[in-house]
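J.: Spelled out from the first residue to the last, the chains are:
Number of protein chains: 6
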Amino acid sequence: MPEVVVYMLEGRTLEQKRGLIKDITAAVVKNAGAKPEAVTVSLVETAKTAKGKGGVLFSEMPAG
Amino acid sequence: MPEVVVYMLEGRTLEQKRGLIKDITAAVVKNAGAKPEAVTVSLVETAKTAKGKGGVLFSEMPAG
Amino acid sequence: MPEVVVYMLEGRTLEQKRGLIKDITAAVVKNAGAKPEAVTVSLVETAKTAKGKGGVLFSEMPAG
Amino acid sequence: MPEVVVYMLEGRTLEQKRGLIKDITAAVVKNAGAKPEAVTVSLVETAKTAKGKGGVLFSEMPAG
Amino acid sequence: MPEVVVYMLEGRTLEQKRGLIKDITAAVVKNAGAKPEAVTVSLVETAKTAKGKGGVLFSEMPAG
Amino acid sequence: MPEVVVYMLEGRTLEQKRGLIKDITAAVVKNAGAKPEAVTVSLVETAKTAKGKGGVLFSEMPAG
Numbered sequence: 019m020p021e022v023v024v025y026m027l028e029g030r031t032l033e034q035k036r037g038l039i040k041d042i043t044a045a046v047v048k049n050a051g052a053k054p055e056a057v058t059v060s061l062v063e064t065a066k067t068a069k070g071k072g073g074v075l076f077s078e079m080p081a082g
Numbered sequence: 019m020p021e022v023v024v025y026m027l028e029g030r031t032l033e034q035k036r037g038l039i040k041d042i043t044a045a046v047v048k049n050a051g052a053k054p055e056a057v058t059v060s061l062v063e064t065a066k067t068a069k070g071k072g073g074v075l076f077s078e079m080p081a082g
Numbered sequence: 019m020p021e022v023v024v025y026m027l028e029g030r031t032l033e034q035k036r037g038l039i040k041d042i043t044a045a046v047v048k049n050a051g052a053k054p055e056a057v058t059v060s061l062v063e064t065a066k067t068a069k070g071k072g073g074v075l076f077s078e079m080p081a082g
Numbered sequence: 019m020p021e022v023v024v025y026m027l028e029g030r031t032l033e034q035k036r037g038l039i040k041d042i043t044a045a046v047v048k049n050a051g052a053k054p055e056a057v058t059v060s061l062v063e064t065a066k067t068a069k070g071k072g073g074v075l076f077s078e079m080p081a082g
Numbered sequence: 019m020p021e022v023v024v025y026m027l028e029g030r031t032l033e034q035k036r037g038l039i040k041d042i043t044a045a046v047v048k049n050a051g052a053k054p055e056a057v058t059v060s061l062v063e064t065a066k067t068a069k070g071k072g073g074v075l076f077s078e079m080p081a082g
Numbered sequence: 019m020p021e022v023v024v025y026m027l028e029g030r031t032l033e034q035k036r037g038l039i040k041d042i043t044a045a046v047v048k049n050a051g052a053k054p055e056a057v058t059v060s061l062v063e064t065a066k067t068a069k070g071k072g073g074v075l076f077s078e079m080p081a082g
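Residue numbers (my numbering), protein chains in the order written: chain A, 19 to 82; chain B, 19 to 82; chain C, 19 to 82; chain D, 19 to 82; chain E, 19 to 82; chain F, 19 to 82.
Isolated chain A, as found in the complex:
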């Protein structure tokens, strides 16, 4: 603990995911006084056809 869940679009590379896990964990350890081995981070990846912003699916949005 803490447990971190990140809701994001699929499509990130392995390198990006490795960096997310590493740097988010470091942020939690630094600021919450947690031991690294107690921190878990889960990336919940969603297709662009299953996530939206402003009421519009990401799959039907101009890139940006």
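Chain C residues, not near chain D, derived (Cβ > 10 Å throughout):
no. : residue
1   : E28
2   : K48
3   : N49
4   : G51
5   : K53
List time: in silico DSS-like cross-link candidates among lysine-lysine, alpha-carbon distance up to 25 Å:
no. : chain 1 : residue 1 : chain 2 : residue 2
6   : D       : K71       : E       : K48
7   : B       : K66       : D       : K40
8   : F       : K53       : F       : K40
The calculated label-pair distances, taken between Cβ atoms and stated as ranges, are:
no. : chain 1 : residue 1 : chain 2 : residue 2 : range
9   : D       : Q34       : E       : Q34       : 25 to 31 Å
10  : B       : L32       : E       : M79       : 33 to 39 Å
11  : D       : P54       : C       : G72       : 40 to 46 Å
12  : B       : A52       : D       : M79       : 35 to 41 Å
13  : C       : K53       : E       : T31       : 29 to 35 Å
14  : E       : K53       : D       : A52       : 23 to 29 Å
15  : D       : K53       : A       : E78       : 38 to 44 Å
None of these hints come from the bench; they were simulated from the model. Virtual Cβ for every residue (Gly too), placed ideally from N, Cα, C.
Given chain A, work out where chains B, C, D, E and F should sit, using these hints.
T.: Relative to chain A, chains B, C, D, E and F alone:
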């Protein structure tokens, strides 16, 4: 903000997902005083073999 | 099912919460083919000192 | 209600998932005074390349 | 890991919460092959004015 | 997007929360190619009587 997460079975059509995102966003804008572009909705879709109700997997339940 | 979770700042009125629950449920029933009595909506309310955007706490942000 | 969400690595067998749903539901019914048919459990499965502990991806960790 | 999150109404006693944590953890250990000390369970408690079923707030529903 | 949710025990200071929001956001911007103003972080704080590890409530655990 707000951020909405919907836990549901997989299998909905693109049209259904588009409608969910659009109408949930409208419900949040109308009732929470949020700007549309600040509202995100993520559909977390789960296989019928990974979700249950009443202690029974949806994959092993009579349809209904 | 589906189960909906809304992450939002605390401070909404009872009337706003009632409307959120009612209209989000209607959006799910209409678009996902769910029965109303199977849809749950949980509002997870967070203090302005426990939520941020752009790296800044809402409690330390100009209103907007 | 209650609604239970389990964040776990993918790779469990159908038998394991069936047991998780059944036994977690029983635990909720026994301790929270809920009716079985009101309890939902969703297993959110994440690839080993999208989850980490101690800042390290499970895909890059020695098994253990 | 796994990490379990339970979305429920507030109002359970300490004894009920202790039982939930204990029995859900046992269910995960038994079925997912996890070590007990790796399993976390968080109870996210919501007021009856912030949760609904069938489009109706629990605070405005007949008990049942 | 991405949206980050952190499940943690209550009791952190404002300074700790400010740091968590700031540094987690920076980790997401750096690794996921997101714009800062699109990243939200919610801290879902749970009482020690509503969270457990290894089947034991934090409120009934020796500090450590």
